[in-house]
Amino acid sequence: ISKTKMHAALHTPDDILRFSTAVLFSTERYEAFNGVFRRCSVLSNRQAPSRDIAHTFAHFDRIQHITSGGFWKDPTTQ
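Using my numbering, the first residue of the sequence shown is number 1, and each one after it goes up by one.
Heads up, some of the hints might be wrong.
To be verified - Simulated pairs of lysine to aspartate or glutamate, EDC-like, Cα-Cα distance not exceeding 20 Å:
1) K5 with D15
2) K5 with E31
3) K73 with D61
Calculated directly from the structure, the hints in this document are not laboratory data.
Sequences and hints are given; from them, build the entire structure.
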């Protein structure tokens, strides 16, 4: 258990009283995705980080499309 999680655990009883049951409290999956954004911005020139991250994600999406068997249909051929 890390210090951050322990600190969050201290607030859990109050949060349950305030917001009801803790069913939808899991945010670790989304918080972990912040690391992906951070890694994508490491090689950014810091002038347009959003653009650089978008380009990186577009590249990842193309790679995933190709490796999963996808293709782009050429409209000029039959």
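Consistency of the hints with the structure:
no.: 1; hint: K5 with D15; verdict: 14 Å, holds
no.: 2; hint: K5 with E31; verdict: 13 Å, holds
no.: 3; hint: K73 with D61; verdict: 17 Å, holds
Hint compliance for this structure: every hint is met.
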